[in-house]
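Protein chains: 2
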Amino acid sequence: MQQRYTNEVEIDSQNLSQIALKFFIMKRSAHFGPGPSQIYFTVEDHLRRAFREGIPSLGHRTQEFESIFQHATEGLRQLLGVPPGYFIFFAASATEIWERSIQNLVNERSFHFINGAFSNRFYEIAKQLGKMPEKIVVPLGEAFPPITKIPANTEMIALTHNETSTGVSLTMDFINQFRSSHPEALVVVDAVSSLPYPLFDYRKIDSVFFSVQKGFGLPAGLGVWIVNEQCIAKAEKMVSAGQRIGTYHSLPFYLLNAKKNQTPETPNVLGIYLLGKVIEDFLRRGIEVIRKETEYKAAILYQALDRHPLVSSFVKDKSARSQTVVVATGEKTKWIADELLKNGIQPGDGYGEHKKTQLRFANFPAHSKEQYEWLVDTLEKLA
Amino acid sequence: MQQRYTNEVEIDSQNLSQIALKFFIMKRSAHFGPGPSQIYFTVEDHLRRAFREGIPSLGHRTQEFESIFQHATEGLRQLLGVPPGYFIFFAASATEIWERSIQNLVNERSFHFINGAFSNRFYEIAKQLGKMPEKIVVPLGEAFPPITKIPANTEMIALTHNETSTGVSLTMDFINQFRSSHPEALVVVDAVSSLPYPLFDYRKIDSVFFSVQKGFGLPAGLGVWIVNEQCIAKAEKMVSAGQRIGTYHSLPFYLLNAKKNQTPETPNVLGIYLLGKVIEDFLRRGIEVIRKETEYKAAILYQALDRHPLVSSFVKDKSARSQTVVVATGEKTKWIADELLKNGIQPGDGYGEHKKTQLRFANFPAHSKEQYEWLVDTLEKLA
Numbered sequence: 066m067q068q069r070y071t072n073e074v075e076i077d078s079q080n081l082s083q084i085a086l087k088f089f090i091m092k093r094s095a096h097f098g099p100g101p102s103q104i105y106f107t108v109e110d111h112l113r114r115a116f117r118e119g120i121p122s123l124g125h126r127t128q129e130f131e132s133i134f135q136h137a138t139e140g141l142r143q144l145l146g147v148p149p150g151y152f153i154f155f156a157a158s159a160t161e162i163w164e165r166s167i168q169n170l171v172n173e174r175s176f177h178f179i180n181g182a183f184s185n186r187f188y189e190i191a192k193q194l195g196k197m198p199e200k201i202v203v204p205l206g207e208a209f210p211p212i213t214k215i216p217a218n219t220e221m222i223a224l225t226h227n228e229t230s231t232g233v234s235l236t237m238d239f240i241n242q243f244r245s246s247h248p249e250a251l252v253v254v255d256a257v258s259s260l261p262y263p264l265f266d267y268r269k270i271d272s273v274f275f276s277v278q279k280g281f282g283l284p285a286g287l288g289v290w291i292v293n294e295q296c297i298a299k300a301e302k303m304v305s306a307g308q309r310i311g312t313y314h315s316l317p318f319y320l321l322n323a324k325k326n327q328t329p330e331t332p333n334v335l336g337i338y339l340l341g342k343v344i345e346d347f348l349r350r351g352i353e354v355i356r357k358e359t360e361y362k363a364a365i366l367y368q369a370l371d372r373h374p375l376v377s378s379f380v381k382d383k384s385a386r387s388q389t390v391v392v393a394t395g396e397k398t399k400w401i402a403d404e405l406l407k408n409g410i411q412p413g414d415g416y417g418e419h420k421k422t423q424l425r426f427a428n429f430p431a432h433s434k435e436q437y438e439w440l441v442d443t444l445e446k447l448a
Numbered sequence: 066m067q068q069r070y071t072n073e074v075e076i077d078s079q080n081l082s083q084i085a086l087k088f089f090i091m092k093r094s095a096h097f098g099p100g101p102s103q104i105y106f107t108v109e110d111h112l113r114r115a116f117r118e119g120i121p122s123l124g125h126r127t128q129e130f131e132s133i134f135q136h137a138t139e140g141l142r143q144l145l146g147v148p149p150g151y152f153i154f155f156a157a158s159a160t161e162i163w164e165r166s167i168q169n170l171v172n173e174r175s176f177h178f179i180n181g182a183f184s185n186r187f188y189e190i191a192k193q194l195g196k197m198p199e200k201i202v203v204p205l206g207e208a209f210p211p212i213t214k215i216p217a218n219t220e221m222i223a224l225t226h227n228e229t230s231t232g233v234s235l236t237m238d239f240i241n242q243f244r245s246s247h248p249e250a251l252v253v254v255d256a257v258s259s260l261p262y263p264l265f266d267y268r269k270i271d272s273v274f275f276s277v278q279k280g281f282g283l284p285a286g287l288g289v290w291i292v293n294e295q296c297i298a299k300a301e302k303m304v305s306a307g308q309r310i311g312t313y314h315s316l317p318f319y320l321l322n323a324k325k326n327q328t329p330e331t332p333n334v335l336g337i338y339l340l341g342k343v344i345e346d347f348l349r350r351g352i353e354v355i356r357k358e359t360e361y362k363a364a365i366l367y368q369a370l371d372r373h374p375l376v377s378s379f380v381k382d383k384s385a386r387s388q389t390v391v392v393a394t395g396e397k398t399k400w401i402a403d404e405l406l407k408n409g410i411q412p413g414d415g416y417g418e419h420k421k422t423q424l425r426f427a428n429f430p431a432h433s434k435e436q437y438e439w440l441v442d443t444l445e446k447l448a
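Protein sequence lines, in the order shown, are assigned to chains A and B. When we follow the working numbering, the leftmost residue of the first sequence carries the number 66, and every step to the right adds one. When we follow the working numbering, the leftmost residue of the second sequence carries the number 66, and every step to the right adds one.
Here chain A stands alone, though its shape is the one from the complex (with noise of 0.2 Å):
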């Protein structure tokens, strides 16, 4: 057992890790689950600050907006590794933004990668909308086939990178294959609960797009869009054939407030303001340790899922099994919940049909390798 720490990384030189460790231990319990999930162990004290700072009360046409706003998003540029040419604008959540990519990139024909509820949700708001998706579907935890026939007029093609229902993740190679298969396509990445922790090939994709309750650790109630010129070309376009693209989420009028440091509307400022805060402290820990952290965390579960009794890893092919969201199955899972509760650890539930069957641990940033290693020594005694 000792074995698996010796992928242990580095701890970073601010002691983040240490400081995370203490408040854990102090706290003696972990929150797992993947929707609104466990908040990053600074946020409450950015939150202090901000009203010292007088933060909430701040116009949203104001100076001080304005570097909040250039604060969050060029951290998040140095955290992602956004190239220019993409541009970052914020919405009320991803769901919002669902809506808003269909409105605003789709005139008829989006084509959707379907491998769970939320996957599959992206395609019904095209639906909604009027538009004619089309789509392929796999079985809940398999991946696609390498090659999927895309009719040749599809506008958008949209891929879920974290199927969160269930735990299956795209490779970054199938990702990348759009761009050269499909030039003319806009290529949309959900990245809802994933990232920060893939490291995307920008030259690859349109546009991705995040909910700061996962992977940042903050309340929920913010979603993140970053688009590239091609998108807010293809919104241009619609509007020039006379399209209906939207009011103050539109496209073009995001951009317009965006180049100003600001949102069409009074937006989340205190979201922002706390997203800015985040990533700094993201950036000051190292993308490179987070996603070292992440990959490690992800494999000592698996390995605990691999060899376990009782439960083991929904998804079985390996390289598609998420390293953001693991999602755990077999006949015991209610039990295994129960004696995890008792022990201070909350689980995910399963997710739809799957609800009782099956239990989700979220590993996000927030997650200390601790907590981690103190799930699974958990996990594996009950047995």
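There's no promise every hint is true.
Repeated chains share a single entry, so a pair holds when one copy, or any two copies, can fit it.
To be verified - Here are the simulated lysine-lysine pairs, DSS-like style, with alpha carbons at most 25 Å apart: (1) Lys200 x Lys269; (2) Lys192 x Lys299; (3) Lys214 x Lys192; (4) Lys196 x Lys299; (5) Lys269 x Lys446; (6) Lys420 x Lys324; (7) Lys214 x Lys269; (8) Lys383 x Lys434; (9) Lys407 x Lys421; (10) Lys200 x Lys357; (11) Lys302 x Lys192; (12) Lys420 x Lys325; (13) Lys434 x Lys381; (14) Lys302 x Lys381; (15) Lys421 x Lys325; (16) Lys325 x Lys383; (17) Lys421 x Lys324; (18) Lys196 x Lys214; (19) Lys192 x Lys399; (20) Lys196 x Lys302; (21) Lys420 x Lys381; (22) Lys200 x Lys381.
These are calculated hints, taken from the structure and not from any lab test.
Given the coordinates of chain A, work out where chain B should sit on it, guided by the hints.
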């Protein structure tokens, strides 16, 4: 000068006013901007408690969230006197509700009463959504004529109870006339910067909405939309007729979720929690006390403006003067603003073309009588 204090209302049993006073003396600053405005003095404590209770990590499909939803909506019903047959939904902002109202309630024709930037934006959103809105426009700072000819086929009458840009309010008689004169039209009231102050006669209106960063003294990032069964029926009729009414924030889908005390998407959970808590505080203080204090504070400020040698009320017609956003105009407003700031008093800028020649003073429940008396005293010395 002592005379004006004789109108003072009783301090309520909870001594909240005294606590607010202590708070104010401690800080010796006041923020009168009408955008995101001064935060209600209990909010920071509620936030601390929210973190202690794990609210920021709470899944939005849990019973705990349903209780938070119910607490906020039932509290609001009681506070505003919302009768049965009206539903309460959460959006990201009032700007979103402008868009969703038009999308859900108007096939072709809305009619807009425009007396400033915000009522005009509601109209513009209807145009952007491809509708054929009509309007009556009056000069900034002036009231509408008592009778307006509205086309017979109007589906929605859009009223802005309190035009935040100019400080003009509609009277209740004005709002209440349309139910009988245009029984087929839905009467929709933007009460963004007035609630919880106004007591609407809900039999005379079909929908009212606001955002929490004004009168509720909360951080921005949440809009509240109240609609009646006629609104739901209209949205359903639109769907039957093949109209598009949006996706996750369509009225039927809102209702489906609200019946379970849930929201269609992951909402601003913390915002809803804080709203419920502040409503609880308002209920304890008493809505009647809040209304009387609002009127007292408005009265002393308007009185000071009416007597002041350098600034005066922008709205001359006393029956059109807003109780919740007081707008001052004059040639030396820049100097006055600077002097107020030196005293720790932050006025709001004028809006748009009047940015430099007007000052706006929010008069919300978060603004104590002591702060208003201090504002008036300071203003009177600037002559």
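Hint-by-hint comparison with the structure:
1. With identical chains, the CA atoms of Lys200 and Lys269 are at most 25 Å apart within one copy only, with a shortest distance of 21 Å there and 47 Å across copies.
2. With identical chains, the CA atoms of Lys192 and Lys299 are at most 25 Å apart both within one copy (19 Å) and between copies (21 Å).
3. In the homo-oligomer, the alpha carbons of Lys214 and Lys192 lie at most 25 Å apart inside one protomer (20 Å), although the nearest pairing across protomers, at 40 Å, exceeds that limit.
4. Proximity of Lys196 to Lys299 under the C-alpha cut-off of 25 Å is found in both arrangements, the shortest distances being 16 Å within a copy and 23 Å between copies.
5. Taking the shortest alpha-carbon separations for Lys269 and Lys446, neither the intra-copy value of 44 Å nor the inter-copy value of 64 Å comes in at or below 25 Å.
6. Taking the closest pair of Cα atoms, Lys420 and Lys324 come within 25 Å of each other only across two copies (21 Å); inside a single copy the shortest separation is 44 Å, beyond that limit.
7. For the homomeric pair Lys214 and Lys269, the shortest alpha-carbon distance inside one copy (18 Å) is at most 25 Å, but the shortest distance between copies (56 Å) is not.
8. Taking the shortest alpha-carbon separations for Lys383 and Lys434, only the intra-copy value of 21 Å comes in at or below 25 Å, while the best inter-copy value is 65 Å.
9. Within a single copy, Lys407 and Lys421 get their C-alpha atoms as close as 18 Å, which meets the 25 Å cut-off; across copies the closest is 62 Å, which misses it.
10. Taking the shortest Cα distances, Lys200 and Lys357 never come within 25 Å of each other, neither inside one copy (34 Å) nor across copies (59 Å).
11. When the C-alpha separation of Lys302 and Lys192 is checked against a cutoff of 25 Å, the pair qualifies both within a copy, at 21 Å, and between copies, at 19 Å.
12. In this assembly of identical chains, Lys420 and Lys325 lie within 25 Å of each other by CA distance solely across copies; the values are 18 Å between and 45 Å within a copy.
13. Taking the shortest alpha-carbon separations for Lys434 and Lys381, only the intra-copy value of 24 Å comes in at or below 25 Å, while the best inter-copy value is 66 Å.
14. For the identical chains of this complex, Lys302 and Lys381 are neighbours neither inside a copy (44 Å) nor across copies (47 Å), given an alpha-carbon limit of 25 Å.
15. In this assembly of identical chains, Lys421 and Lys325 lie within 25 Å of each other by CA distance solely across copies; the values are 20 Å between and 48 Å within a copy.
16. Neither within a single protomer nor between protomers do Lys325 and Lys383 lie at most 25 Å apart by alpha-carbon distance, with minima of 45 Å and 38 Å respectively.
17. Taking the closest pair of Cα atoms, Lys421 and Lys324 come within 25 Å of each other only across two copies (24 Å); inside a single copy the shortest separation is 47 Å, beyond that limit.
18. Only within a single protomer do Lys196 and Lys214 lie at most 25 Å apart by alpha-carbon distance; the minimum there is 19 Å, versus 39 Å between protomers.
19. Taking the closest pair of Cα atoms, Lys192 and Lys399 never come within 25 Å of each other, the shortest separation being 36 Å inside a single copy and 53 Å across copies.
20. Taking the closest pair of Cα atoms, Lys196 and Lys302 come within 25 Å of each other both inside a single copy (17 Å) and across two copies (20 Å).
21. In this assembly of identical chains, the alpha carbons of Lys420 and Lys381 lie at most 25 Å apart only when taken from the same copy (19 Å versus 62 Å across copies).
22. Taking CA atoms no more than 25 Å apart as the test, Lys200 paired with Lys381 passes inside one copy only; the shortest distance there is 23 Å, against 61 Å between copies.
Figure legend: structure checked against the earlier numbered hints; hints not met, in rising order: 5, 10, 14, 16, 19.
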